[in-house]
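Participant: Next come the chains, spelled out residue by residue.
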Amino acid sequence: MSNRAELMESGKPFAFDAERDAEFERLAKRYPSRDSLILPSLWLVQDQQGWISTEAIAYVADRIGTFASQVYEVATFYTMYHLQPKGKIHICVCRTLSCYLLGKQQIVDYLHNELGLKPGQISEDGLFSLEEVECLGHCGSAPVVQINGEFHENMSVDKLKEVLATLQSGGRS
Amino acid sequence: MADTIKLSVNGVEVEVPAGKNLIDAVAAVGIEIPHICYHPALGADGNCRMCLVEIEDGRPPLVAACKTKAAEGMKVRLDSEKIKKIQRDIMEFELINHPIDCPICDQAGECILQDYYVKYDHAPSRMRVPQVTKGKKMDFGSGVVHDQERCVLCARCVRFTRLITKTGELGIVNRTDQARVNIFPGRPLNNRYALNVVDLCPVGAMTSKDFRFRQRAWFLTKSKGICHGCSKGCNIYIDHNREKYKDDIIYRYRPRHNDLVNGYFICDSGRMTYKLENEKRLRVPLAAGQQVDLESAVNALKRRMDQADKLVFLVSPSCSLEQMRAIQQLATHKAAVLSGYSEGYIQKGDGDDYLIQDDKSANRAAFALLGIDESKDTLTAALNEADLLISFGNDLSLSGMDCTALGKTELAFVGSYANNCADAASYLLPVASYSEDNGSIINIDGVLQRYGAAVVKNEPLPSMLQILAQLGGAFGDVQAVWSDLNSAVEAFNKVDLQNIPAEGLALTVSEVDNVTA
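Which chain is which? The protein sequence lines are A and B, in order.
Be aware that the first sequence starts at 1, since it is given in the numbering used here, and climbs by one per residue.
Be aware that the second sequence starts at 1, since it is given in the numbering used here, and climbs by one per residue.
None of these hints come from the bench; they were simulated from the model.
Computed from a predicted model, the values in this text were never measured in an experiment.
Yeah, the Cβ is synthetic: ideal placement off N, Cα and C, and Gly gets one too.
No false leads were mixed into what you were given.
Derived pair list, reagent style DSSO-like, types lysine-lysine, alpha-carbon separation capped at 30 Å:
no., chain 1, residue 1, chain 2, residue 2
1, A, K86, A, K161
2, B, K166, A, K12
3, B, K348, B, K166
4, B, K222, B, K457
5, B, K84, B, K6
6, B, K85, B, K119
7, A, K118, B, K136
8, B, K6, B, K69
9, B, K134, A, K118
10, B, K20, B, K75
11, B, K137, A, K118
12, A, K29, B, K166
13, A, K86, B, K134
14, B, K75, B, K6
15, B, K69, B, K84
16, B, K222, B, K244
17, B, K244, B, K457
18, B, K310, B, K334
Residues on chain A that point at chain B, a partial pick, calculated with CB under 7 Å:
no., residue
19, A68
20, S69
21, Q70
22, E73
Bound conformation, chain A alone:
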């Protein structure tokens, strides 16, 4: 797993656009505690700019009225939040027990050799990014790889090759 504690700055201030702002205000009425807004707010950020920058975490904390450290904790806890810009094809490899035992390392090694990517990195052309994540909840069909949010179960290096080829040729996975 990459060192998720290292935040990246986008270099420009963050604020919700009109659509997300309205959604935030709608959500704000839903929860008894404003701290509950942390998770959905981070989703809104990711929805808006694709990843979550240092500035965005500070913005969310101030907007909710909670501690920046608390939003920092949440953002770094969940691997589904991207703390740096991700590639067009974002590959998450589960690294928890079942997937670990059934060969997730071969998949990671293959991606490393093939694409030159280490977990947490993005390829220079911005096409691929790789992340090792904690349990994705599909232990029964381990090893599991999640590509742009879609699950690929019982993965092997060969199957991964096929999936990536389809994706690169513009098709859906």
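Knowing the structure of chain A, use the given hints to seat chain B on it.
Facilitator: Only chain B this time, still in chain A's reference frame:
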């Protein structure tokens, strides 16, 4: 006396206070349940699992003692093999990536990992792989330096900033073996109680920039004291040491638990007042502007007092109760005007609703009880006619009066700390400060507390009471002052000054409740 309940620990019946969790309840009778994350001021978090115990009543085999309320008839087991194995396993977990840099760690000697390793683990490491390296000497702000490698992730510091100061600068970021205590980039520790995280940290992960690498904990003598930094009178430990060929020096203050006054914590500025005890102290006696030995200076001031037509005594609001009473007695005896004018000790708006007070003097409450006048008018009127002003520790310059421009009034200063007023004095008698003397002070809430001498200097200065006696006062020691206070001052008529409880005595209720039976 609080209610008690009976329960059994390892088959032995004990009587413990009711209404507490198991850790605190059995600690009251001297039984230790090891725990890392639990702290009475921060509540039970249950993250360290070190306090797991067995309770033989059909509930799940293991419960966390910090989250379990002690109940009548509970059968607690701490000595089963299962519990011992859990404790060993937790310790092994905690130590997997611990750098074991005790020889250079400030916490060594008062570290929970060291103590628990000896008591509950004592097994050699089985780790044969390189340790995970983490962040070192991270500056968290407010004088706190963090070492991530030593951290056991008990979250005491995180909970302190969220529950006590409500500033929430710290968090545990990332997860699993990557979890670390950290600040959000650009938002460092920024509160006036931040250094308490250093005391709270059960290991050496939080260190004080001020104290780092200065002393080994086991060389420090930990004396009880009371902070004189403001009118709250927080209870402290005065940690001091006399190194070979050197003088007895104070290295740090730490909070001392007292529910009646400060709870478990103290503020950072109070903590740093230890420096005043070491530095900028008055040492050299003066008589008529000349450096002389102390005896000559006392005699010279005594003669000067006898010659004076109009005398004014100015007393500091940080003097102890006993000192104030002795000064008051001497003033009456010498027909001197007595003033406690000290407006400058009050910094309006500086206090908060927790511990820090506006009034930076330690014992102003005693002025009212002894009937010492604090008004500016009384002092200025008296000064217009006076030819000698003796200030007992009171720095008039704080209150906006120029001590070098007192006209025909000559200035004498009896006190411990160098300040503008002492600089301007032609008679100067240095005396022991509160860390070297004993006495009583009354805090802003009317709690009377006693403190004893902590530090003994190589060349001890006389106490202010001794100097007052030599100047013609009636009291030689605190005992004499106490009997006088009991008989002559109404507020203390019914207070048993010989037996002030260790946690202090709330004078507001004392007249009814605290008359000793």
